[in-house]
Amino acid sequence: MTADVPEFWGKLRIAAPNDVVVVRKNVREVAVTMGFNVVDSTRIVTAAAELARNIIHYAGSGELNWKAVEDGKRKGLRLEFIDQGPGIADPSQVMAPGYSTSGGLGMGLPGTKRLADEMDLLSEIGKGTTVVITQWLSD
Amino acid sequence: VAIGLKKFLSRWRLEKPGPASGPAPLPIEEETAIARIERRIWQLALLAVVVILYLTLSIIGIQLLDSFEPVSGVGGFREEKTVDPLLFPLSLGVLVLLFSAYLIIQQRQLLRTTRQLFSERQTTSELNRSIDILSALLEVSSSINAQKRIMAILTTICRAVRQSFQADRVSVMLVDHSGKNLKTMAAMGKAEEKVKDVFVPLGQGVAGWVVHHGQPLLLQGKADPVAFPGLKPKHGEISSAMCVPLKIGQRCIGVLNVNRMGRHSEFSTNDLRLLAVFGNNAATAINNALLHHRRKEQIRLKTVVEQLHSPRVVHELIDKADQLVAPGGLRERRTIGTLFADIRGFSEMSALIDPEMMMAFLDAFYARMAQAVADNEGTLDKFIGDEVMAFFGAPEALENVSLNALQTAIEMMIFFGWLRESFSLRQPQFGHVGLGIGINTGPVVVGSVGSRQRSEYTVIGDAVNLARRFCGHARSGEILVGETTCRQAAIEKCCHFVGEVAFKGFSGAKKVYRIQWQ
Chain A
1 MTADVPEFWG
11 KLRIAAPNDV
21 VVVRKNVREV
31 AVTMGFNVVD
41 STRIVTAAAE
51 LARNIIHYAG
61 SGELNWKAVE
71 DGKRKGLRLE
81 FIDQGPGIAD
91 PSQVMAPGYS
101 TSGGLGMGLP
111 GTKRLADEMD
121 LLSEIGKGTT
131 VVITQWLSD
Chain B
1 VAIGLKKFLS
11 RWRLEKPGPA
21 SGPAPLPIEE
31 ETAIARIERR
41 IWQLALLAVV
51 VILYLTLSII
61 GIQLLDSFEP
71 VSGVGGFREE
81 KTVDPLLFPL
91 SLGVLVLLFS
101 AYLIIQQRQL
111 LRTTRQLFSE
121 RQTTSELNRS
131 IDILSALLEV
141 SSSINAQKRI
151 MAILTTICRA
161 VRQSFQADRV
171 SVMLVDHSGK
181 NLKTMAAMGK
191 AEEKVKDVFV
201 PLGQGVAGWV
211 VHHGQPLLLQ
221 GKADPVAFPG
231 LKPKHGEISS
241 AMCVPLKIGQ
251 RCIGVLNVNR
261 MGRHSEFSTN
271 DLRLLAVFGN
281 NAATAINNAL
291 LHHRRKEQIR
301 LKTVVEQLHS
311 PRVVHELIDK
321 ADQLVAPGGL
331 RERRTIGTLF
341 ADIRGFSEMS
351 ALIDPEMMMA
361 FLDAFYARMA
371 QAVADNEGTL
381 DKFIGDEVMA
391 FFGAPEALEN
401 VSLNALQTAI
411 EMMIFFGWLR
421 ESFSLRQPQF
431 GHVGLGIGIN
441 TGPVVVGSVG
451 SRQRSEYTVI
461 GDAVNLARRF
471 CGHARSGEIL
481 VGETTCRQAA
491 IEKCCHFVGE
501 VAFKGFSGAK
511 KVYRIQWQ
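From first to last, the protein sequence lines are chains A and B. The first sequence finishes on residue 139 if you use my numbering, and the numbering steps up by one all the way, no holes. The second sequence finishes on residue 518 if you use my numbering, and the numbering steps up by one all the way, no holes.
Treat the hints with care, as some may be off.
[To be verified] Using 27 angstroms as the maximum straight-line C-alpha spacing, the simulated BS3-like pairs for lysine-lysine come out as follows: (1) K180(B) to K148(B); (2) K504(B) to K382(B); (3) K113(A) to K25(A); (4) K180(B) to K247(B); (5) K493(B) to K25(A); (6) K73(A) to K183(B); (7) K232(B) to K183(B); (8) K222(B) to K180(B); (9) K180(B) to K194(B); (10) K232(B) to K75(A); (11) K190(B) to K113(A); (12) K25(A) to K232(B); (13) K73(A) to K127(A); (14) K25(A) to K302(B); (15) K113(A) to K75(A); (16) K11(A) to K73(A); (17) K247(B) to K222(B); (18) K232(B) to K222(B).
Because the hints were derived from the structure by calculation, they are not lab data.
Working from the sequences, and respecting the hints, build out all of it.
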């Protein structure tokens, strides 16, 4: 995060299905304000909603931190989804398309990775999971 | 002499209160006790009369004897008697007479006291009965307040009232949803099945009168059809009836009917007062149960609807539910963004893939498409086979209907890509399906269409038809929009002008734009 964009940071608690609506609204507002076009803002909002739903489904509750980031010439939006849920035994397995422990499509995390420019997943069994996605503003 | 005296005394004795104006007649044992005292008074009176006759005859006899007795003594002077031999019996007679009179007075006082005692005992007995009834009803009140199921509460009320008031039939009528009729919701006792599901318009009949006036009513014998217009013939001869309103504040939610049939025993005003007190408690319990039921139903509906619409739209739908479901209700002209999404290559694939897999795919497709619509505050109109129709801007007005429709379309494309990839891992044929989307913004009529039994909240107009044409024109992976949508969403950078296309049913060519969403 840089000093010239201090207003682009925030935190949200995720614990109930209605919180997904709040996540979408906040992420879209930040994205549009930062200058993301409708396609890119929709992509990051879709990714954020998917990760928020994952937290509610698998961990019960967690939080979202967002902040504006800068990488030399580029500016971007970084979202951190943190939960203290059961954690993921094999992160590489869940990033493979079609893998699901809940009978779903198995496309949540791999699909989200494709929507964002960058994605990192950190998880420890019994301690929780942190997913960080970053979307860079295109010229 | 005894018969004549009895007749005389019957007129002279203490007046008994009449059954019409005072309390109910005394029990037989108490009547017998009073009759015994009255008989004693008659006997004493008879004795007194006999004594009076005896004294009268004695005095007359003495006078006669005195007039026939010869004059004796020297010089014609009567011989003076020192003691009259009849003085003692006469004095005794007078004493007996006085004593009888004293006893009669005492017996009359005893009679008066006995009557008062019995009357007070009867009042106490009635009071105890009222307390028993009230206690029983209050006990029922607390139990029904703890219950949540409306039918269980109504049955408990009917049973408790029937037992407490020794009624032959009890029924509870509630004001229906229209607010214009009373409907019998529960009944117990004689011919109960005949009064169930009976409808009575408010203001008609006895029950309608009670709801209209909000006053309890006590009727002895048959109700007067002139006083209660619309009175329906009753099942069985009702000899005594009570009808009390079930009120919440000033609002009447129904009535409680209690009847005795073909009997001489009548309800009293005291019974009516007790029933009215119970009615107030029962009304609160019934109202709470109705609210609980309504709340549960709302939550259930909300849960169902939330799967199809955004929370804000759901809130609006619940608020305007009655207007929305009524054909012709809430019909208005608005600028709406309409979206059609259709699977490409679906029919061809159907022949190659087993139906269970197809159903699973469609389930996932519908779920994801509905989620995209709901997340963007749209209204899911319908699924037609492999096609989805949604609109934006009703019932909830949106700031930019075109933008919301466009965001939905992009999300639908993203989700469809995930679906295709996931299912093609199991069935490679799914890799050939695609999605085409058309969006158009324009004035339409929005509202409920259909019959009262089945209606749908939808949009109708040329702008809707054009959106469908755009969808039909879109190839796999394409989002096609009209000029208005492109302009309103302010997405010129993402719009690529495809050309002017002439669509069937529309005069002149329409400008078509493709959204660069990937």
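Okay, the hints, checked on the actual structure:
1. Straight-line distance between C-alpha atoms of K180(B) and K148(B) comes to about 25 angstroms, which keeps the hinted pair within the 27 angstroms bound.
2. Among the hinted pairs, K504(B) with K382(B) is consistent with the structure: their alpha-carbon atoms are about 23 angstroms apart, no more than 27 angstroms.
3. Simply put, K113(A) and K25(A) have alpha-carbon atoms about 21 angstroms apart, close enough for the 27 angstroms limit, and the pair holds.
4. Restraint check: the Cα-Cα separation between K180(B) and K247(B) comes to about 16 angstroms, which is no more than 27 angstroms; the hinted pair holds.
5. For the given pair, K493(B) sits about 23 angstroms from K25(A) by alpha-carbon distance, which is consistent with the 27 angstroms threshold.
6. For the suggested pair K73(A) and K183(B), the alpha carbons sit about 75 angstroms apart, so the restraint of at most 27 angstroms is broken.
7. The suggested pairing of K232(B) with K183(B) holds, with an alpha-carbon distance near 14 angstroms, which does not exceed 27 angstroms.
8. Using a Cα cut-off of 27 angstroms, the hinted pair K222(B) and K180(B) holds, with the two alpha carbons roughly 26 angstroms apart.
9. Taking the CA atoms of K180(B) and K194(B), the gap is near 22 angstroms; set against the 27 angstroms cutoff, the hint holds.
10. Between the alpha carbons of K232(B) and K75(A) the distance comes to roughly 82 angstroms, so the proposed pair goes past 27 angstroms and is violated.
11. Taken as a hint, the K190(B) and K113(A) pair is broken in the structure, with Cα atoms around 73 angstroms apart against an allowance of 27 angstroms.
12. Pair hint K25(A) plus K232(B) does not hold up; C-alpha atoms about 61 angstroms apart against a cutoff of 27 angstroms.
13. Taken as a hint, the K73(A) and K127(A) pair is broken in the structure, with Cα atoms around 36 angstroms apart against an allowance of 27 angstroms.
14. Under the criterion of a C-alpha separation no larger than 27 angstroms, the hint pairing K25(A) with K302(B) is consistent with the structure, at around 21 angstroms.
15. Restraint check: the Cα-Cα separation between K113(A) and K75(A) comes to about 19 angstroms, which is no more than 27 angstroms; the hinted pair holds.
16. With a C-alpha separation of about 26 angstroms, the suggested pair K11(A) and K73(A) falls inside the 27 angstroms cut-off, and the hint holds.
17. Distance hint between K247(B) and K222(B) is fulfilled; the C-alpha atoms sit about 26 angstroms from each other, no more than 27 angstroms.
18. Restraint check: the Cα-Cα separation between K232(B) and K222(B) comes to about 12 angstroms, which is no more than 27 angstroms; the hinted pair holds.
This entry does not satisfy hints 6, 10, 11, 12, 13, going by the numbered hints stated previously.
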